[in-house]
Each structure stands twice: as C-alpha cells, then as structure tokens.
Amino acid sequence: MLKRFLWVAAVVLVANAAALAVVARNGRGAPDAVVTLTEREMRLTTLGTDTTGMTLTLQWDRDVLMPWFDRAKLQSIGFDCSMEPDAPGAFEHYSGPGLAPRTTYLAFEYAPAGFPDEGQQGTRVEEPQPADRANAGQAAQKKVGAHRPRLRPIDVGNDPQALRAAHPDRHRYLVTAGVVRLRIVDGDGRGGLGREGGREWAIRSGTHQPARLEGLVLDVLPDQVYVPQAMQRIVMAAVGERGNREMPSSPLSRPPRYEVTVEYGSGLLPRIVGVKAIGSR
Amino acid sequence: MTTKSTADAAMTREQAQQRVDQVHAFRAELAQLEAEGIVLLAPDQSRVLRTHHDDLLAQLAQRFDVDRTQAEKQMSLGMRIASLFGAVALSAAVFLFFYRFWGLLSVPVQVVLLTTAPILIGISVEVAARREKTLYFAWLLALVAFASFVLDLNIVASIFNLPPSPGGFLAWAIFAFVFAYTYRLPTLLLLGISCAGIWVAAILTSLTGVYWPALVMRPENFIVAGALALVASAFHSRRDEEDFAFIYRFVGWIAVLMPFFFLSEWGEMSYLPLSGIAARRLYDVLGFVVGAGVIYVAIRRQWAETMNVGALFLVLFLCLKLYDWCWDWMPRYLFFLLIAGVAIGLLAVLQRMRTGAIRHR
Chain A
1 MLKRFLWVAA VVLVANAAAL AVVARNGRGA PDAVVTLTER EMRLTTLGTD
51 TTGMTLTLQW DRDVLMPWFD RAKLQSIGFD CSMEPDAPGA FEHYSGPGLA
101 PRTTYLAFEY APAGFPDEGQ QGTRVEEPQP ADRANAGQAA QKKVGAHRPR
151 LRPIDVGNDP QALRAAHPDR HRYLVTAGVV RLRIVDGDGR GGLGREGGRE
201 WAIRSGTHQP ARLEGLVLDV LPDQVYVPQA MQRIVMAAVG ERGNREMPSS
251 PLSRPPRYEV TVEYGSGLLP RIVGVKAIGS R
Chain V
1 MTTKSTADAA MTREQAQQRV DQVHAFRAEL AQLEAEGIVL LAPDQSRVLR
51 THHDDLLAQL AQRFDVDRTQ AEKQMSLGMR IASLFGAVAL SAAVFLFFYR
101 FWGLLSVPVQ VVLLTTAPIL IGISVEVAAR REKTLYFAWL LALVAFASFV
151 LDLNIVASIF NLPPSPGGFL AWAIFAFVFA YTYRLPTLLL LGISCAGIWV
201 AAILTSLTGV YWPALVMRPE NFIVAGALAL VASAFHSRRD EEDFAFIYRF
251 VGWIAVLMPF FFLSEWGEMS YLPLSGIAAR RLYDVLGFVV GAGVIYVAIR
301 RQWAETMNVG ALFLVLFLCL KLYDWCWDWM PRYLFFLLIA GVAIGLLAVL
351 QRMRTGAIRH R
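Sequences listed follow chains A and V, in order. Under our numbering, think of the first position of the first sequence as 1, with each following residue one higher. Under our numbering, think of the first position of the second sequence as 1, with each following residue one higher.
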C-alpha cells in the first residue's frame, strides 16, 4: 500500500512543485515591468455566481491599426510569408488552415491619459455630455469610445529581452507572451463582386491596391490575473453587485472604477500587487 | 488437470470472467450434444467434470467476485453505470465545492487543499479496493481522484497566473496510469492514453512554434501519438495482457486514422513539403490504402475492435470523398445510389478478405 501511495503522492507533488518553481523563478530578481492599469484594461472576469474567486482579464485596444506588424515582422517571428500576397492563389494560401497561430512575445504601450492619435484612429477621448439628450445615441457611442483600453500592442518578437531593450520604460511598456496570427488583406476589397471580380474592377478603374499581409494579436498569455483575497473586497466595493455581469471583451460603458497595479516578474508572469478604488474621483 | 492449476494465480478479473463464461458455454453445448445423442459421458466422467467446474466456479467467485449467472451480469452492468454516474456527479461536486469557497481561502490554504485532495482520495481508492473485489467503488473513487488532480493543476495555474501548458496532460496521464495499472481499471487507462496522446501532439505542435492549443491544426502529430499507442499495445499483447492491449489498439488506431479526414480536406495542414493540393491528393490515396490495410491486419490478427474502427473509418472516408468529388455535379439520386453501390462493393471486398484470412490461418 505504501508503494502505491508514494506513486500517487509523487505525481501530485512533483506536478505542483514544477508549477510553483515557475512562479518562484518569475519572482526572482527585479520585476520586468510594474504598470498601473484601470478597469478599462483589467476587466472583471465573468465567472458566474457560484464562485468566490476573482480574476481580472487583460484587455487591449483591439481596433487600433498596427502598420508595424507587417510581412517582414511576421517573417521575423517564424511565419512563412514566401509567397507574394498578390500572387495567384495567395489568398487561398494565406487564409487556409495551414497557417496556425504562433506563440511569441508582445510589447504593449500603456498611455494613462490616452494616445495623442486617438482621434485619427476613430477613438474619441472626450467624455460625453450626459445632458445632451438629443444626441443620446451618439453620446453613448462616444462614451464607449472614451473607455476603450489604453493599452496597445506596439511591437512583437521572439526575444523578450530585445523587446525590453527597445522599450525600456518599465512603467509604460509591458512585455508578455502572446498568440498572434497572420492574415491577408485584399487591397481591393470584395464588395458584391467577389474577390476576383473586385480586383478586375479595381484594375480597370485604376484604384487597384495590392494585397498585403498583416499580423493580428489573438491573445496574451496569461490573459487572466488572479486577484489576491485581500484585494477582492476593494474591487467588489468599487463595481458593486452588477459588476460581474458585463462581458470583459465588450468596451467599458462607464468611467473606470478601480485601478490595478500589475507587476510582471522576470519570467514575464503577472501578479496584482495593488488595487485602488477610483469611484470618488 | 486440477482446479488449482486452471485458476491461475496471475489471472485478472476479466480473464476469470471469461473462464466462467467458457464453462457455462461448455455445459450448455454438452447438454445439447447429449440431448441429440451425439455424446454421452459415463456417469463417473460426468460427475468428475461437474465437480471440477463447480469447484472452479466457486473458487473464481471467491477470488474475483465474478458474475456466475446472466442476472448477475446484468446487475454488474447496472452497477458499472451507477458507478460512472456517481463518479461524474462526485467530480462535479468537488469542482463546484472548491469554486464556491476558493475566494474565501488564503493562497497557501488553497494550495495545500488542492494538493492533498487527490492524494487523500487516492488513498481511499486503496481502502475501497481492499474491501471490495469487484472494484466498483475503487473505480468511482479513482475517477474522482483524477478529476480532483485536474482541478488542482488548473486552479494552481489560475492562482499563480500561469499560461496554459501541455505539461498538465503529462502529469494527468501518469496519474491515470498509476491507478490503471495498479488496479487494472480500463477507464483510467483510456484517460491516461488520451492525456498522453494530447501531450505528445501538443509538444510536437509547440516545437514548431505553433500555439499548442491549436494542435488540431497539425493532425500528423496525432499519427505519431497513435503509433506510440500501437507500440504499447504490441508490448501488452506480448505480455498476454489482452484487456489493456485492446484499449491501446482502439485509441491508437483512432488517433492514426482520424487525421486523414483533416489532411485529405486541408492539405495545407501537413508537414510534408508539398503544395496543399498535392498533400490533399496524397492523403486521399493514403486514406484508402491505410484504411484497407488496417482492416486486413485486423482480420488476420482477429482484432475485433480494430476491424470495427477500420471499417467505420473506411466507410466515412469514402462518403466524405464521394461528397467532395460528386456532390456538386451529380444528381442526388445517383449520388446516393453510388454510396449504396460502394457500400455493397465494400461488403464484398471485406467478405473476400475475411475468407482469404481464414484460409491463410
């Protein structure tokens, strides 16, 4: 019996010890980044009512344009981009199932006051006027825009140290593992003419735009961060009873109600080191 | 031949049950032959035989708690189903119980609880196995122990913000294998092989830089995992552990054959240095060749489960290919007529292969 017990115990203990060793290694040395984010970027994960644990889901601006994430960048992280995007059959090649998402490292920039180019990107930074009832619908849309995450992917690479060297401000730039994929963008659009028809029409009308490859950030690893027991009360007090019901992926519909200080260790794993309510602001 | 020698010390419960079934079949056939006047044993011979079988059945019943009648067999099936439901419900209760209270506990307490739960439930498996030879409770508790270990690693990863890792599947596989081999539990073996297969496929996927949860986009990795399961099956067959060899073969062939469905549709998923269309055509051909080969081997080796997997694969693969090739242009009635014709043709081919294999033996 003792031998069987030892086998079971050994498997369980070794697996848990391996996980804890990764955590210990991450905590060793100076943290890679310490950033204070708000509810815009750290959304309460919807876990249902039958759980008492709490995690926050990291959100970034998914609508921002990323012209830097081009074919050369995709190639540098291991995607095979040898076929010209405008070549015959390229659309099928690049949009097929052969191009699986890859793991790499991402650099994110955080701008607490908003990015200067947000207006040009379609993101409105001004707060809406609640009294403007005539334009209630437009105001609601502006409001959503105003509370979009102020965290943007700005760089990608397979070497996290090189990314950190390129973006040394540890309070403004996060470097984290992530998942990216490649997509082909048909320069002429498809419209009602289909891809080939659209291209022919664009060539005839002189508006032809060559197809291009671009990268897409699918996820960050990990995307959920556990809130320590002592800090859960602060978050719950800030968001109230209904706080759990909004989907983390939808834009925040109100001003952020809490801010969270996240520390990324030397192993690029995050942990929450501080939570503060900002409802009284 | 003595009763002692026939009830082998190394016999498993499945082998004991097979022996019991064999004795019942023999008695029924002997009674039939006697009724038809073909065989008539002398009273002494008949008594010796009956005593021998009665002793054997009693011994096997005592050692292995085997089912001696059809009614007992049906009861056993009911108990197995009840155990499975119990295990699923108990595992759900463990999951939900922990999720209900984990936020109220400090991190060290959470880790201690999570780590000790599978170990303690594992000990209870041993206690149950000692008290009950049929192992229904041991099986139920082993499944709950496995579920609690899955919960353990998931929650630990969640608490410490660890990204998803294929390593968990290796740990779960080893854990399941420990119970499967210690108590000869086929369900745990199935779980172990599945977890090990996912781990192999995930590791191979991540070696290529692809995000490992996207492992289905690299189907050839499953062929490797399936081939390893088949090697393990051969190892068990050689050791005369047919109950486990059967499970390895079953899972192994499924893992080997399933990727053909994907690769013959999306050749771009292949590692082969071919264009998508070329890889697709290659896997079209390989699908039929491998499917037929599996059936041939299964018939020759008398592997019923492999035969079923191979035949099902071949029929589904053929339907898929006919759909690809003919659906767009062929009248529907003709398409289904074609399917029916192919099914009949397949039946004839299998019949010939079966006859050939029997002649070969």
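Please note that the accuracy of each hint is not assured.
[What the hints assert, rightly or not] Listed next, the in silico SDA-like pairs over lysine to any residue satisfying Cα-Cα at most 20 Å (straight line):
1. A:Lys3 to V:Ala92
2. A:Lys3 to V:Phe177
3. A:Lys3 to V:Arg130
4. A:Lys3 to V:Ser124
5. A:Lys3 to V:Glu126
6. V:Lys321 to A:Pro97
7. A:Lys276 to V:Gly103
8. A:Lys3 to V:Gly103
9. V:Lys133 to A:Lys276
[What the hints assert, rightly or not] A few chain A residues that face chain V, going by a derived Cβ cut-off under 10 Å, partial list only:
10. Phe5
11. Val11
12. Leu13
13. Val64
14. Gln75
15. Arg102
16. Arg181
17. Glu200
18. Gln224
By construction, these hints were calculated from the structure, which means they are not laboratory data. If you're wondering where the values come from, they're calculated on a predicted model, not measured in any experiment. A virtual CB, placed ideally from N, CA and C, is assigned to each residue, including glycine.
We went through each hint and held it up to the structure:
{"no.": "1", "hint": "A:Lys3 to V:Ala92", "result": "violated, 29 Å"}
{"no.": "2", "hint": "A:Lys3 to V:Phe177", "result": "holds, 15 Å"}
{"no.": "3", "hint": "A:Lys3 to V:Arg130", "result": "holds, 15 Å"}
{"no.": "4", "hint": "A:Lys3 to V:Ser124", "result": "holds, 14 Å"}
{"no.": "5", "hint": "A:Lys3 to V:Glu126", "result": "holds, 11 Å"}
{"no.": "6", "hint": "V:Lys321 to A:Pro97", "result": "holds, 19 Å"}
{"no.": "7", "hint": "A:Lys276 to V:Gly103", "result": "holds, 19 Å"}
{"no.": "8", "hint": "A:Lys3 to V:Gly103", "result": "violated, 35 Å"}
{"no.": "9", "hint": "V:Lys133 to A:Lys276", "result": "violated, 59 Å"}
{"no.": "10", "hint": "Phe5", "result": "holds, 6 Å"}
{"no.": "11", "hint": "Val11", "result": "holds, 5 Å"}
{"no.": "12", "hint": "Leu13", "result": "holds, 7 Å"}
{"no.": "13", "hint": "Val64", "result": "violated, 22 Å"}
{"no.": "14", "hint": "Gln75", "result": "violated, 12 Å"}
{"no.": "15", "hint": "Arg102", "result": "holds, 5 Å"}
{"no.": "16", "hint": "Arg181", "result": "holds, 9 Å"}
{"no.": "17", "hint": "Glu200", "result": "violated, 24 Å"}
{"no.": "18", "hint": "Gln224", "result": "holds, 7 Å"}
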